[in-house]
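Student: Residue strings, one per chain:
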Amino acid sequence: MAGSAGGDRHRSRPGLVRAHLEAIATAARRLLEPPMTMPIPDYGDARVPGYRGVVLFDYDKCIGCSLCAQICPARAIKMYRVPGDKRLRPGYNVGRCIFCGLCTDICPTDALSESIVHDRVYDDVPSMDMDPVDWAVWSRRVLEEERKPGRPLLRARVDPERGLVYERVDAEGGPVAEEKGEER
Amino acid sequence: MDPIAWLSGSLGVPYWAVRAVAAPLVYPGLAAFMVVALFIIWAERKIAARVQMRVGPLYVSRRLGGALQVLADGVRIAFQEIIIPVGVEKWSFVLSPILAFTVVSLAFTMVPGGPGIYGFRSSLSLLATYAIVTLTPILVIVMGWASNNKFSYIGAGREALVSITGEATLLASLLAAAMMYGSMDFVEIVEAQMRSHVPGLVANPVAALLFFIAALLVTDRLPFDLVLGEQEIVQGPYTEYTGLLFALSMALGYAKLYVLMLVFTHVFLAGWAPFTSPLLGSIAVFAKTLLLMLVAVFLRSVYGRMRLDQVASMFWSKLFPLALVAFVVSALIHPIYAP
Amino acid sequence: MTRLLLPGMEGRVLGERGGLRVVELYIGAQHPASGHMRLIVYLDGDMIVRVDPDIGYVHRTVEKLAETREYVRVISLVERMTIIDACNVTLPYVEAVERLLGVEAPPRARYLRTILCEINRVSSHLYGLGLGGIFLNHSTMYMWAFGDREVFVHLASLLTGSRLTHTYPVFGGVRRDLPQSFRDEFEKAKRYMLRRLREYDKVFFNNPVIRGRLEGVGVLPREKAVALGATGPNLRASGVRYDARMTGYAAYRDLGFEPVVGREGDALERVWVRLREIEASLELVERALRELPDGPFIDERYTRAVPPAVRHWLEKGRLKLPGGYVRLKTRPGEALGRGEMGRGEITYYLVSDGGMKPYRLRVVTPSARNVVLFDALARGHTLMDLPAVYGSIDYFPPEADR
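The listed protein sequences derive, respectively, from chains A, B and C. Under the numbering used here, think of the first position of the first sequence as 1, with each following residue one higher. Under the numbering used here, think of the first position of the second sequence as 1001, with each following residue one higher. Under the numbering used here, think of the first position of the third sequence as 2001, with each following residue one higher.
None of the hints are false.
In silico DSS-like links for lysine-lysine, alpha-carbon gap of 25 Å or less:
1) Lys2329(C) <-> Lys78(A)
2) Lys2064(C) <-> Lys78(A)
3) Lys2202(C) <-> Lys1318(B)
4) Lys2064(C) <-> Lys2357(C)
5) Lys78(A) <-> Lys2357(C)
Partial chain C-side listing against chain B, Cβ under 8 Å, derived:
6) Val2203
7) Ile2210
8) Thr2382
9) Met2384
10) Pro2387
Hint data in this document are derived by calculation from the structure and do not stem from the laboratory. Here the structure is a predicted model, which means the values were calculated and not measured. Where is the CB? At the ideal position from N, CA and C, for every residue including glycine.
Okay, chain A solo, but in the shape it has when bound:
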């Protein structure tokens, strides 16, 4: 199988001048091709379906079982006592979160879900540590932002010629009929 597919490295060795010319020609050919990088920050990354970003919390669906706090490998989720609520509710420290998504896997009621963002800006460190009510409010805001992105979104796709190509998508992930991103 592939073990011998490459062949002996010495047998495939081209002559000195040819090797130089091939190297230069290969580099020069690439000079004419467009870049494969994603034009961030002019565009946002639409992410692949099922991307694991920050964890969102739905207070009404939570049953206070504390499984998420138990499974969280980074102790980003802790249980809080909320005034006027008999059960403990999870609070979330985004700064500690490693986006493994195990909490959403173990949540028995779909109270936790994953968003597609993980790169958000916070005013200060304390604002990253949220109690259950803050988390629920914040989650709604993240969802809204997800629905109305501040910049056009691009989704990466593998291309056999160019590696990765990007197509414009809207917030739901549907394709946008528009010409390609500006050429640079």
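Chain A is already provided as a structure; the job is to place chains B and C on it using the hints.
Tutor: Just chains B and C, lined up with the frame of chain A:
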């Protein structure tokens, strides 16, 4: 029409004196070099980015494709604090980059930028330019010694080896060309090529190739950037430099490259041919030089760094003997340039 | 003029060691090409007489931390050792725990694990190639390898939802089923990568400058490689036919795995083995996709206890775990997990006292085994060869320091 004549008339200074100041300061000297450096560093980054499927500098002056990025970097570096570390030889540390750059700038008095655009004309201007350019390694070695840093010191050692290795081949290829034209004056060399309509590159490709490769070595371009050697010795002799002194030491390599590519243009690409007017001729020289520099910086995205011993053995045992072949070619072909 | 004179600081003064006048060079921990470590190099002239790798700058006490966490939480802890090779580094641990739990992953899960492992291996090798390139100041190889690695990072994120730290294998299976678009995307990625490998050959591997830097440098003879305990592509480049995948874990036995073996044992051969392993990995993924068995992607034992309200996720190919999953208890005993990472063989030795947390988790990572090569390979070469040696053994400090 001629700005030099106008200046000499209005200032009451002799024509040659205005020329001797204007050439090194304006064109082909420092002002032109600034433009070249800004463009070529940007082009180097942009070409490398394109080959490497990236975008490269973009956000400083987006319309121009990030062309002002280098200017922005330069301004930042110019206002950066110049740190003089404890234990350096203070005066040699500060003065050697300034002196080295000054020495390279002196070459602009000799190399013409176009027909009649030069500081001095001498029957030995080719040799004098070579001598000036090859003075700088001594100052680079001083830099490395004065820095009191092991990486700088090793870099200085490499500079010594590289300069001896490269300059022998550089001189041999230049002398082969001079023998072909029967002259060491840039103006006469260009005129000989214009007269016979054969550029030196066609007449003696061996010498041209050797000159180009040796120029890459003495200007620390890849694949011969041994002196900089980032992965081994950080920045070689320039490791301890900051601010403007660092900018000067970096500009040194580009200034040398610019001078040597100007020389290449005159010696092997027939200088200002096919034009004879000062303006068009200067543009021709400038364009050819830039093109050569673009080729030189393109090689950065093709090659890695060659090893020290391999460079030395390649130059002494392959390229230097090849320079003797260049002499033979010159001896055979020189009648076509006979006046 | 006042001077601060400290031993070893004065750049112009040569040191003395063992009667030899040598230069002591401290490469790192702040140096463009040292990584998270320091190399203390002793030079006689331009020749390296000795290299002392000073490791431990990124030691994070992974082994000790593992003793304080429940089994499932340890998965994303050990992942941190080598986040660029996340599936390969966690899989042997997961398999070791599975052995103590008495669970076996269903066939589909084993195949999916193999697919992600091989995709990780391709990205890991590209990462190593890129760094190997920039160590020789070949910036194009660096950028190309990192750019093309993005294709495989994209594939991995399609499968797992995460670009690097996948936390994909869990006890009894995997966390996501194969998404529909994956086969098509992989097919394109394979065609792209094979084409790119030809370009790598032209610009990097057959480039005379690079050949000169790598050929005959840091030769590791077969016997010495075995004696030093080198592992991974470094071992195979010396002509030893050994690869932990030959033990047939995950789906490797079903796929008929054959290792890529080199011969010469020099730096060029190590790069060559990595390039060919990329091809071999692509081949393996393709075969695994073709032969991918149907069935559940996680053991029935765990899906049975999932609350009915969230069962619909399982049908959509997303894992849902039962509540008891956090507090899994293994039987007392010990288990060994072995697997082949991009850089070589990783070994987990797990001791359980029957509780919910490991009693002891010993990890031997491939880079920890390969660090010995710095001294062995660089001796007698010039200072310029040190980056070539470093790049060719593909050493990754966070992995070695654990």
